[in-house]
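J.: If you want the building blocks of each chain, they are given just below.
2 protein chains.
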Amino acid sequence: MNVAIVGVGLIGGSMALALKEKGIAKKVIGVGRSATSIAKAIELGIIDEALPLEDAVKQADFIYVSIPVDATIPVMQQIMNLITDKQIVVDAGSTKFALCDALKDHPMRKQFVATHPMWGTEYSGPEAAVRGAFAGRACVICEKEKSDPAALQAVENIYKAVNMHIIYMDAANHDVHAAYISHISHITSFALANTVLEKEKEEDAIFEMAGGGFESTVRLAKSNSAMWAPIFMQNKENVLDVLNEHISQLRKFKASLEKENMEYLIELMENANKIKRILK
Amino acid sequence: MNVAIVGVGLIGGSMALALKEKGIAKKVIGVGRSATSIAKAIELGIIDEALPLEDAVKQADFIYVSIPVDATIPVMQQIMNLITDKQIVVDAGSTKFALCDALKDHPMRKQFVATHPMWGTEYSGPEAAVRGAFAGRACVICEKEKSDPAALQAVENIYKAVNMHIIYMDAANHDVHAAYISHISHITSFALANTVLEKEKEEDAIFEMAGGGFESTVRLAKSNSAMWAPIFMQNKENVLDVLNEHISQLRKFKASLEKENMEYLIELMENANKIKRILK
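Residue numbers (numbering that gives the first Met the number 0), protein chains in the order written: chain A, 0 to 279; chain B, 0 to 279.
If you're looking for bench data, these hints aren't it; they were derived computationally from the structure.
C-beta atoms are modelled at their ideal positions from N, C-alpha and C, and glycine is treated no differently.
Please note that a few of the clues may not be correct.
Claimed, not checked - If you want the footprint, here are the derived chain A segments under chain B, 3+ residues with CB under 8 angstroms:
no., segment
1, 195–204
2, 233–242
3, 253–263
For reference, chain A alone in the conformation it holds in the complex (with noise of 0.2 angstroms):
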């Protein structure tokens, strides 16, 4: 089948990549707004090649949509005013419940599919697309009841040939999983590389001194603004809930220090000890 990959950055290009070497895409048409990422993306082989958005929806059976999720929203809407009933949509932002809302009442909703693979990395662009994501991971889709069960199908086919295992979710619900699991990490990491940056004047001390532990809580404070911005903002309330009750939970490691209560501060890190029975 011909796809049209709307938007060939991380996620984009890495199932562009998928798709191909599974053999499902026939042909991958990119559409991008940046010509340097445009280019970027052909000369990696990544899509075979560019056209505009409308040109590309017409040539596609499966349209995938991987950009910014403030942009996703009006993309998705002129999207859905393009296609017929033989086509496919799927978006895989990392925020479900203001697209779905939004397309709701879309003649064209029972053809979208909505899903949020759970991978990625801190790099962006067609550069960061690389082969074999995705595999072992979990793949979010909701409101399934919403879709026309062939294309759902269909969709869920893809995902399961990239080695991904599905769960299903109310758009609501996966807002505030995404944003206890994937948003705050995010945040904390941003703030904590500032913290680094505003308290440690001595660069050379944090490059030399810098052991596994701090790169990989500071890791994800490289991660892409103009992709995270909008889902922080999209998924306000729910990362504002969290962020206070991480802020608070900080508050007693302080609160421990100041009263140099060890009882306490042990008792505090052995619950975060816990987390063990749930990660591996």
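Put chain B on the given structure of chain A with help from the hints.
T.: Just chain B now, with coordinates in the frame of chain A:
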């Protein structure tokens, strides 16, 4: 030479393995409070035999102390009272000021080299010891001028043999930098785990959805409280200083979301992106 490893856990155990592998240690004597850990260390081939502290110190040319930092000061004082000027004592603790201060007037001070190899994982105990640890990382040596030049040279050669590079630092400065680069990462990770455990009652959702981002920011929350609580407490002032800054940085993110100030949010994130320049 004969080596005594006081505290056969993650660091001591990994050092024992390295010293054997590099042919530096002829015999490795382990000293530990827990019979289970000692038995495990023998079983894993990390140590050749176990002895009480006094006997181990008598037989050792080189004594490597890698125990929680609150135990380090009294144990080091005990060791320093036992040694002759043919023996070298090294500690590997994550805080340096309190120890260096406690030992500054000891008649055997010159036989002691204060070090902090900047390597670790979130695991603990002899089972956590790994071959090939330390390689490529920095080892901080504090107050080198207070150590006997021959002892210093011998210790540097050992760290260089395990492929570390040496950086020199004032003990007080070390503790400031360690707070920025290592201790705060651990606290945010512990607090983040507590946040998620507090807010996210649906543990299956965490398990299913948690991608690489969450795992890497929360990884350090698996760390051992017996090791880390004394570090935070001993480096309380520096840790509180950085923690206050971190809370204020998180509040900036909070304000940008509450006010829906996209420009400010992006500014905060782009500033954080500067960490790229410092890390790889």
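J.: Now tell me if each hint is right for this structure.
T.: Hint check:
With a cut-off of 8 angstroms between beta carbons, the segment 195–204 of chain A has 8 residues touching chain B; three or more are needed, and the interface restraint holds. Proximity of the segment 233–242 of chain A to chain B, defined as three or more residues with a beta carbon under 8 angstroms from a beta carbon of that chain, is established by the 6 residues found. Figure legend: the segment 253–263 of chain A, annotated as covered by chain B; annotation consistent (5 residues with Cβ-Cβ distances under 8 angstroms, at least 3 required).
Figure legend: structure checked against the earlier numbered hints; every hint is met.
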